[in-house]
Amino acid sequence: MLNPISVLTVGLFVAALGLPVDTFAQNSSPGGWLTPDWDKRPITDANRKPAPRRSLAGTWGPAEGPGAGTQAGGVQLKPNNGRPENQLPYTPAGLELYRSHKALEGIDAVLPAQDNDPRNRCEPLGVPRSNHYNIRLTQIFQDEYKVVMLYHYDNRWRVIWTDGRELPKVVEAGVEIAGEVRERRFSGYSVGRWIDDYTFEVQTVGTMPEDRVWLDSTGRPISDQARVTETFRRVDNDTLVWSETISDPKLYARPWDTMKLQLRLHDPRTDIMEYYCSPSEQENYNKLFGNAAGGKGAP
Amino acid sequence: MRSRLVIVLVIAVGLLIPSRLVAHHGSAAFDTGKRVTLKGTVKEWVYSNPHCLLSLDVAGEDGKLVQWIAEGQAPNVIFPVGYRKDSFKAGDQVTVTVEPVKNGRPMGRILQAVLADGKTLGAASSPPSATSAAPQP
Numbered sequence: 017m018l019n020p021i022s023v024l025t026v027g028l029f030v031a032a033l034g035l036p037v038d039t040f041a042q043n044s045s046p047g048g049w050l051t052p053d054w055d056k057r058p059i060t061d062a063n064r065k066p067a068p069r070r071s072l073a074g075t076w077g078p079a080e081g082p083g084a085g086t087q088a089g090g091v092q093l094k095p096n097n098g099r100p101e102n103q104l105p106y107t108p109a110g111l112e113l114y115r116s117h118k119a120l121e122g123i124d125a126v127l128p129a130q131d132n133d134p135r136n137r138c139e140p141l142g143v144p145r146s147n148h149y150n151i152r153l154t155q156i157f158q159d160e161y162k163v164v165m166l167y168h169y170d171n172r173w174r175v176i177w178t179d180g181r182e183l184p185k186v187v188e189a190g191v192e193i194a195g196e197v198r199e200r201r202f203s204g205y206s207v208g209r210w211i212d213d214y215t216f217e218v219q220t221v222g223t224m225p226e227d228r229v230w231l232d233s234t235g236r237p238i239s240d241q242a243r244v245t246e247t248f249r250r251v252d253n254d255t256l257v258w259s260e261t262i263s264d265p266k267l268y269a270r271p272w273d274t275m276k277l278q279l280r281l282h283d284p285r286t287d288i289m290e291y292y293c294s295p296s297e298q299e300n301y302n303k304l305f306g307n308a309a310g311g312k313g314a315p
Numbered sequence: 221m222r223s224r225l226v227i228v229l230v231i232a233v234g235l236l237i238p239s240r241l242v243a244h245h246g247s248a249a250f251d252t253g254k255r256v257t258l259k260g261t262v263k264e265w266v267y268s269n270p271h272c273l274l275s276l277d278v279a280g281e282d283g284k285l286v287q288w289i290a291e292g293q294a295p296n297v298i299f300p301v302g303y304r305k306d307s308f309k310a311g312d313q314v315t316v317t318v319e320p321v322k323n324g325r326p327m328g329r330i331l332q333a334v335l336a337d338g339k340t341l342g343a344a345s346s347p348p349s350a351t352s353a354a355p356q357p
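Protein sequence lines correspond, in order, to chains S and Y. Residues are numbered in our numbering as their position in the first sequence, beginning at 1, plus a constant of 16. Residues are numbered in our numbering as their position in the second sequence, beginning at 1, plus a constant of 220.
No lab work stands behind these hints: they were computed from the structure. Mixed in with the good hints there might be a few duds.
[Claimed, not checked] Below, a list of computed lysine to any residue pairs in the SDA-like style, where the Cα atoms sit at most 25 Å apart:
no. : chain 1 : residue 1 : chain 2 : residue 2
1   : S       : Lys56     : Y       : Asn296
2   : S       : Lys56     : Y       : Ser275
3   : Y       : Lys305    : S       : Leu183
4   : S       : Lys303    : Y       : Ser275
5   : Y       : Lys305    : S       : Tyr291
Please put together the full structure from these sequences, using the hints given.
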């Protein structure tokens, strides 16, 4: 009979031989604490590795660089810059709500003294705004039941169930699960399924109402009637494309695409700095800089 | 005595201002395109969310010291640019170029910093993307 420990040892050794050890070898690590590597070589036919089957696991960052996922000026595919091609299909209620939002970014930006962005009170962004706010390094873990996303900003996490459970039905007070009404959530209720071995589709409903959350940093609205469809396509070992479509009949006359963000795989050992929204730090910042910088009048 | 405060007003497009700034105050508070170069003495460097803050004393035209506050983005955002918790120490002589606020107060956001050791760091914000429009697979 084989000794289990020996089998495990040999197995790990063989597995180690098969690892792409050169993939992350260029990443220096002073003291062993790896800093993010934003200067990766482009993926070409010469260094392209095949995508693993049915896996999103990894540490991912925007392929164009650390600033490519911030979406400060509005969702990636529709920046709020006043151009006709970026106008959204608001319903009358959606447009009225947008006009009530006083954002610090975008074509209708106001000074800090006038803004009403819930983010500035450190409110949770919720889904889908989490997808449109400072996407930098996102960690994804998965097991046979779920995919878990760890967002960088404010150290938030989210579960996407893959065990076959059904998406809840949206009802007036929240969602309905097996005849019971359940509460709305900032991250909503998400279920995912593999369309093929390299394409993962996620549906999310049951998110927070429009007086609690925004869609993006320019004040575009999102309601609790929203249905968010995300697609993650693993193009190759090092490339993941994250797309999103919003359907929210309360605020938008038709579904529309918000982003198609290309991500690059990072070294799984990368140490990710904290990026909390701390009310006390926010208050200190406002006292030292924000209030005076955003106020009116000469010194 | 040569003024230690050099103000350079540049009405230009395409300066060193990154196109993907993100801020807790937005961009509306800043006088976009204007630049002020400050030579001064560091009082404090706060390396904290949501923005890092650099306080420095700068001698004005009349010789009086003016305390400027220059901000950078959050630590994790400016780390890739080279800004560290100990990049500035009290008493350091530094040169900092800022985009000032519109309301005339001695405040701005950091576009460039020359540290006490002569090292130059870029805008204290997200580095520009490698490409403006990488092809989407």
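Structure-based check of each hint:
no. : hint                 : result
1   : S/Lys56 to Y/Asn296  : holds, 19 Å
2   : S/Lys56 to Y/Ser275  : violated, 35 Å
3   : Y/Lys305 to S/Leu183 : violated, 46 Å
4   : S/Lys303 to Y/Ser275 : holds, 13 Å
5   : Y/Lys305 to S/Tyr291 : holds, 15 Å
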